[in-house]
Every structure is written in structure tokens, then in C-alpha cells.
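**Q** Okay, here's what each chain looks like letter by letter:
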Amino acid sequence: MLEHTEHALNFWGFQPAGSWHWGMIGNIPIDVNPKTLIVTWLTMILVALFAVVATRNLSLKKPNGIQTIFEMYYDFVVGLVKEQISDPVKATAFMSIPLTFFIFILFSNLLGLIPTLTSPTADLNTTVAFALSTFFIFEFLGIYYQKGKFFKHFLQPFIPFLPINIMEDLSKPITLSFRLYGNIFAGEMLLIVILSMMPPVINFCGGFILSVVWLAYSIFVGGIQAFIFTILSTVYVAQKVSDSGH
Amino acid sequence: MLEFNATLLVQIVNFIILLIFLRLVAYKPIAGLLKARQELIANNIATSEEQRKQAEELHEQYLAEMRKAREEAQAIIAQATKVSEGQAQEIIAAAREEANRVKDGALKEIEREKEKAVRELKDQVAVLSVMVAGKIIGKTMTADIQHDMVEQFIREAGDLPC
Numbered sequence: 055m056l057e058h059t060e061h062a063l064n065f066w067g068f069q070p071a072g073s074w075h076w077g078m079i080g081n082i083p084i085d086v087n088p089k090t091l092i093v094t095w096l097t098m099i100l101v102a103l104f105a106v107v108a109t110r111n112l113s114l115k116k117p118n119g120i121q122t123i124f125e126m127y128y129d130f131v132v133g134l135v136k137e138q139i140s141d142p143v144k145a146t147a148f149m150s151i152p153l154t155f156f157i158f159i160l161f162s163n164l165l166g167l168i169p170t171l172t173s174p175t176a177d178l179n180t181t182v183a184f185a186l187s188t189f190f191i192f193e194f195l196g197i198y199y200q201k202g203k204f205f206k207h208f209l210q211p212f213i214p215f216l217p218i219n220i221m222e223d224l225s226k227p228i229t230l231s232f233r234l235y236g237n238i239f240a241g242e243m244l245l246i247v248i249l250s251m252m253p254p255v256i257n258f259c260g261g262f263i264l265s266v267v268w269l270a271y272s273i274f275v276g277g278i279q280a281f282i283f284t285i286l287s288t289v290y291v292a293q294k295v296s297d298s299g300h
Numbered sequence: 568m569l570e571f572n573a574t575l576l577v578q579i580v581n582f583i584i585l586l587i588f589l590r591l592v593a594y595k596p597i598a599g600l601l602k603a604r605q606e607l608i609a610n611n612i613a614t615s616e617e618q619r620k621q622a623e624e625l626h627e628q629y630l631a632e633m634r635k636a637r638e639e640a641q642a643i644i645a646q647a648t649k650v651s652e653g654q655a656q657e658i659i660a661a662a663r664e665e666a667n668r669v670k671d672g673a674l675k676e677i678e679r680e681k682e683k684a685v686r687e688l689k690d691q692v693a694v695l696s697v698m699v700a701g702k703i704i705g706k707t708m709t710a711d712i713q714h715d716m717v718e719q720f721i722r723e724a725g726d727l728p729c
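Residue numbers (my numbering), protein chains in the order written: chain A, 55 to 300; chain B, 568 to 729.
Calculated from the structure, these hints are not laboratory results.
Certain hints may be false.
What the hints assert, rightly or not - Away from chain A, derived, C-beta distances all over 12 Å, residues of chain B: (1) Glu624; (2) His626; (3) Gln628; (4) Ile644; (5) Glu652; (6) Arg679; (7) Val685; (8) Asp715.
As the list claims (entries may be wrong) - Derived lysine to aspartate or glutamate pairs resembling DMTMM-like cross-links, with alpha carbons at most 25 Å apart: (9) Lys602/B / Asp141/A; (10) Lys144/A / Asp129/A; (11) Lys702/B / Glu723/B; (12) Lys595/B / Asp141/A; (13) Lys595/B / Glu606/B; (14) Lys595/B / Glu125/A; (15) Lys683/B / Asp671/B; (16) Lys115/A / Glu606/B; (17) Lys602/B / Glu125/A; (18) Lys602/B / Glu137/A; (19) Lys683/B / Asp726/B; (20) Lys144/A / Glu606/B; (21) Lys649/B / Glu639/B.
Even for Gly, the Cβ is constructed at its ideal location relative to N, Cα and C.
With the rest of the complex left out, here is chain B (with noise of 0.2 Å):
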């Protein structure tokens, strides 16, 4: 098959209708589809950075919002600690005076009962000793007599438990 014929020609137009075919079904479509395929993935690539730039500046801001909270959280607590202490110690303050309003009060009554006791105490004894004398005027009376009972009268008033 060293010698040349028609057949070299018929090969180049061969390779020339073969060169079109390809171009036209199958290079074209690959290479817009390689393209496209460069794009999406371009794309994607561009999106995902954005996102995860978008992710992390969520996360700064909620991290600042936690952080801004808790502060907001302990000042109210050392607020609300500081008003609580101040309305105890207002309310410890109100229960001593009333309790020394109180005992105030009962003492005051007790010595005033106290009065009112002695004196009908005084009353008493005294319409007991006319009593007595009336009793031991019935009796024989003499001074040493009336003179103990007296005495014994006014020693049992003053056991008295007033």
C-alpha cells in the first residue's frame, strides 16, 4: 500500500466531514457544558464564602447580644439585691419600734394596774380592818389585842401578791 492514490484525498475530505460532525455534536455542548459546569461551581464557591461570612457575623452578634444580656442581667440582680436589703432592714427597723412601742405600752398598763391594785388593795384592807374591829369590839378588847391584829392585818395585806 506504499503507492499514492485518490484514497489521500478522500481522506482529508474524510477528516474534514469528521472535524465538522465533532464540532457540531459533541465539542460544542462539552465546552459550553465545562463552562457551565466552571460557573456553578464558581458560583457556589462565592455563595458558600458569603454565607459563612454572613454565619460569622451572626455569630459575633448574637455572641455581643449574650454578652450584653448577662450584663443587664446582673445589673438587675445587684439592683434588686440592694433594694431588698434596703426594705429589710426598713422592715427590721418598722418590727423593733413597734415591738418597743409595745412593750412600752405593757409596762405603762402593768404600772398603771399596779396603782389600781395598791389602791383597792388600801381599800379593801381598810374596810377589812373596820370589819375586824367591829368583830373584836363584839369581843373583849384590849389595847394589846387590837394592837396584834393591827399588826397582823397589815403584814397579811402586805404578803399580798400585787
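One chain only, chain A, in its complex shape (with noise of 0.2 Å):
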């Protein structure tokens, strides 16, 4: 049935099945799933082009339409992180992460939207490599700024803490990237499996408007999960960077 319908909804007959074999490493295969990095590099490519369209004629006096949206975007992701990490030279160092976060994510979860497209977040290979990415930049701006200091944090309050603290910051990368990858998978999923629930309505008597309405919930829960990966992110990685640590 789900297939049916996922078939059904297949317009342009962009499928791409099982995955791509890009050779070996070693005894380890290099293999990649295709649907994911497709919709990616489109992502990619509709972010890059926004970017490049809002900052072309950039105006100082009269900024015209996608410049103020951009300048909107940048300053409300400038202010989240602002808020999080007051030493504002540590801010402007790590200010483009959440920003490419935030943009990158957004695009990703809309995308995923659209019949055929998956959206690459609703792949667990895509949020762990967020969150990853994340946990390597954390660690690695605590070190840098805290230097020796950095490491007796894992011992408070007390020594045998030292297992709860490596746990903690363990989780909050799976904590991340299934949280992402929960809600853009479920939302995709449930939107295939009201469309198939309904096939007789679908097309008379209304039966569409439960899947426009969790259509319009998914696109909120879209922007929703990107802006909370990018705040939870930025708190991370100010509690690793800021003097008083925790």
C-alpha cells in the first residue's frame, strides 16, 4: 500500500534505488545512498543561489526584497547567538556554523516536502554528521579557548562524575540527530501514509485537506527542527567556550 502510493506520487520518476558503490577502502566499502546526496547537492545548490541572489547588489541605503530577508535571517541568527555567548569575539568566530546550520537545515526539511523528494535530514546518515559535526566543533572550541582548564571540567563536581560527564556530552549528538531525523521521517512518512489511508476521497469530498493541513504542520515542524538544532548547537558549544563552564 505505502509503496502504492509512494509509486503514485513518483511524478517525475526520480527513483534511484538501493545505493551508490563508489569503491573500496580498504576491506570497507564506499557506499553512499543516492536519493539523500541528490536532494542534498539540491539543497545545496538553492541555498547557494539564494545566498548568491540576496548578497549580488548588495545596497547599503535601499536593500530590495531577498537582501532584507537575508539581512532578517542574519540578524535574527546573529542575535540567538549573541545571546548564548557574550564574548562577542568568540561569537563572530563561530557565527557562520549556526548560520549554515540553521539555512541548510530549513532548505533540507522543506524540500522534503515536495512528492518524490525525501529530505536529506530524514536520513540518519545526515543528522549524525550534523550532530557530529557539532560535537567535533564543541570539543574542539573548548580546547582552544579553555585550553588545561577544559579537561577538569570532566572531573566536577567530584572524580567519579567523570563517566556521567563523558556521557552527557556523548549524548547530545545522538540527542541531536535523532531528534531531527524523528521529525522530518515522521512527517514525510505520515504524509505517504495519510495519502494512502484515503485513496477513494482523495479526489472528491474534501479528502485532501487533512494532508494540506499536516502538510502546513510539517512545514512548521520543518522550520521548527532547524531552528532548534541551530539554538541547541549554539548552547553547546557556549557552555564549552565560556570561562565559568558548568
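Reassemble the complex: the two chains are provided individually, in unrelated frames, and hints are given to aid placement.
**A** Here is the structure:
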């Protein structure tokens, strides 16, 4: 039933199945999910196009519409980061990472709502990749800004807390990735489930209304999840780079 | 799609590529632009503040000058009034003096004319008396007639306007 609906939604015949095999490194096969990657590249192209168009003719006194949108976005994320990281030098150095996370994840989530396409973020590989990036970034920035003091905070408040502190750090990328993956994957899956549940009434009697409502909700969830991912990575980084620690 | 494979690494690379691209193409120009706009607005505010201050100073200056000018004008008017009053008094005094002088002259002239007229009249009276006497002497002259005549003549002469 679900396959049937997915097939019916596959309007453009875009359905690379299976996985691409990109050769071997030693004994490890390099396999990738083509669907995820193609939509990721599409997302990257769209984000890059948006950014280029928005910043092509920058005007100091009379910004046009798209420039204003990009400025608002920039101001919004910069405001979030500056709320978390009080030191302006550290905040500026870190700024481009949450900026990229937000717009990348937002575009990914929304692209998945187009029939045939799936969100890159509905693939656990993508969300784990993003969360691992965050993990490495906050560990690296913590060591960079705190030097030796950074390792001392694992022993706070007492030495026996060491495993708990390590688990706390490790749980951050896991929760980040599974939250994003779960929300987006569930949203797409439910869209298909709703459509497959009511094939007889889908074309009349307003049977599509439920799916439209769910689509609108998914757009909302896509924005919210992008925001949550961005703000949480910022908070994690802020915890690590601030001198007071925790 | 729960199994992990190399997609994970490719996604990290994708993210880094997009990060670098956006940083070069979008974030830096936007940050520069926002900073420039902030400076522009700060400059505008500072300039307008300064201009407002200057305008206030000018206003104060103009007010002071106007006040000064008004005081000066009043001083000038007061002085002019004083001067003109003095002049008027002088003119009036001069006119009065002149009038008195003219009047005195006229009175003296009248007196002189009167004396002259009286003197001429007396002369004429004498001549007339002689002529009348001659005429009467031509007729019969009595003491009474002579007396009456002389009397009459003198009365007439006294009635003459002089």
C-alpha cells in the first residue's frame, strides 16, 4: 500500500533505488545513498543560489526584498548566538556555523515535502553527520579557548562524575541527530500514510484536506526543528567556550 | 535508511563545502554591509545632533542680536525725541522773540506815525486858520464870528482821525 502511494507520488520518475558503490578503501566498501545525496546537492545549490542572489547587489541604503530577507535571517541567527555567547570575539568566530546549519536544515526539511523528493534530514546519515560536526566543533572550541581547564570540567564536581560527564557530552550529538531525523522522517512518512489511507476520497469530498493540513504542519515542524538544532548546537558551544564552565 | 554508510562522511564534507561557500559569498559581505550601515546611522545621528546644536546656537545668537537691535532702536528713538523736543522749544522761543520784536517795531512805528500825523495836522490847522481868517477878514469880521470860527475849526481838527 505504502509503496503504491509512493509510486503514485513519483510524478517525475525520480527514484534511484539501492545505493551507489563508490569503490573500496581497504576492506570497507564506500556506499552512499543516492537519493539523500542528490537532494542534498539540490539543497546546496538552492541555498547557494539564494545566498548569491540575496548578496549580489548589496545596497547600503535601499536594500531590495531578497536582501532584506537575508539580512533579517542573518540578524536573527546572530542575535541568537550573541544571546548565548557573551564574548563578541568568540561569537563572531563561531557565527557562520549556526548560520549555515539553520538555512541548510531548513531548506532540507522543506524540500522533502515536495513529492518524490525526500529530505536529506530524513536520513539518519545526514543528521548524525551534522550532529557529529557540532560535537567536534564544541569539543575543539572548548579545548581551543579553555586550554587545560577544559579537561578539568569532566571531573566536576567530583572525580566519580567523570563517566557521567563523558556520557553527557556523548549524548548531545545523539539527541540532536535523532530528534531531527525522527521529526522529519515521521512527517514525510505520515504524509504518505495519510494519502494511502484514503485513496477513494482523495480526489473529491475534500479528502485531501487532511493531507494539506499535515503538509502545513510539516512546514511548521521543519522550521521549528531547524531552529532547535541551531539553538541547541549554539548552546552546547556556549557551554564549552564560556570561562565559567558548568 | 537506518544503516550507516559513507553517506555520513559525504554529508560532513557537503556541510563544510556549503559553510565555506556561504562564508565567502554571503556572510562576509552581509556582515560588512550591516557594519557599514550601523556606522552610517551612527554618523547620521551624530551629524544631526551637531547640526541641531549649531542651529540652537544660531537661534540664541539671533535672539540676542534682535534684542540688542531693539534696545538700540529704542535708545535712538528716545534720543531723537529728546533732540526734537529741544529743537521745538528753541524754535518756539525764537518765534516768540521774533514776534515780540516785530510787535515792538510795529508799535514804535505807529507811535512815530501818530506823532508825525499830529504834527502835520497842527501845521495844516494853522494854515487853514490863516486861510479861513483871510476869507473872513474879507467879509465883516466881528469879534463873535472870529471867536466862533476859531472854536469850530479847532473842534473839527480835534475830530480828525489820527
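**Q** Hint by hint, note whether the structure agrees.
**A** Evaluated hints:
1. Against chain A, the non-interface label of Glu624/B holds: every CB pair exceeds 12 Å, the least being about 30 Å.
2. In this structure His626/B is separated from chain A by more than 12 Å, as the shortest Cβ-Cβ distance comes to about 31 Å.
3. Against chain A, the non-interface label of Gln628/B holds: every CB pair exceeds 12 Å, the least being about 34 Å.
4. Every beta carbon of chain A lies more than 12 Å from that of Ile644/B, the smallest distance being close to 56 Å; the non-interface claim holds.
5. Distance check on Glu652/B: its Cβ is at least 68 Å (rounded) from any Cβ of chain A, clearing the 12 Å threshold; non-interface status holds.
6. Every CB of chain A lies more than 12 Å from the CB of Arg679/B, the least distance being 105 Å, so the non-interface label holds.
7. With a minimum CB-CB distance of about 114 Å to chain A, Val685/B clears the 12 Å threshold, and the non-interface call stands.
8. Against chain A, the non-interface label of Asp715/B holds: every CB pair exceeds 12 Å, the least being about 134 Å.
9. For the given pair, Lys602/B sits about 18 Å from Asp141/A by alpha-carbon distance, which is consistent with the 25 Å threshold.
10. Of the pairs offered as hints, the one joining Lys144/A and Asp129/A holds, with about 17 Å between alpha carbons and a cut-off of 25 Å not exceeded.
11. Between Lys702/B and Glu723/B, the direct Cα distance comes to roughly 18 Å. Compliance with the 25 Å bound is thereby established for this hinted pair.
12. For the hint linking Lys595/B to Asp141/A, the alpha-carbon distance of about 19 Å falls within 25 Å, and the restraint holds.
13. Annotation: proposed proximity of Lys595/B to Glu606/B holds, straight-line Cα distance about 16 Å (limit 25 Å).
14. Taken as a hint, the Lys595/B and Glu125/A pair is honoured in the structure, with Cα atoms around 12 Å apart against an allowance of 25 Å.
15. Of the pairs offered as hints, the one joining Lys683/B and Asp671/B holds, with about 18 Å between alpha carbons and a cut-off of 25 Å not exceeded.
16. For the hint pairing Lys115/A with Glu606/B, the CA-to-CA distance comes to about 12 Å; that is within 25 Å, so the pair holds.
17. Annotation: proposed proximity of Lys602/B to Glu125/A holds, straight-line Cα distance about 12 Å (limit 25 Å).
18. Between Lys602/B and Glu137/A, the direct Cα distance comes to roughly 19 Å. Compliance with the 25 Å bound is thereby established for this hinted pair.
19. Taken as a hint, the Lys683/B and Asp726/B pair is honoured in the structure, with Cα atoms around 17 Å apart against an allowance of 25 Å.
20. Straight-line distance between C-alpha atoms of Lys144/A and Glu606/B comes to about 22 Å, which keeps the hinted pair within the 25 Å bound.
21. With a C-alpha separation of about 15 Å, the suggested pairing of Lys649/B with Glu639/B holds against the 25 Å cut-off.
The structure agrees with every numbered hint stated previously.
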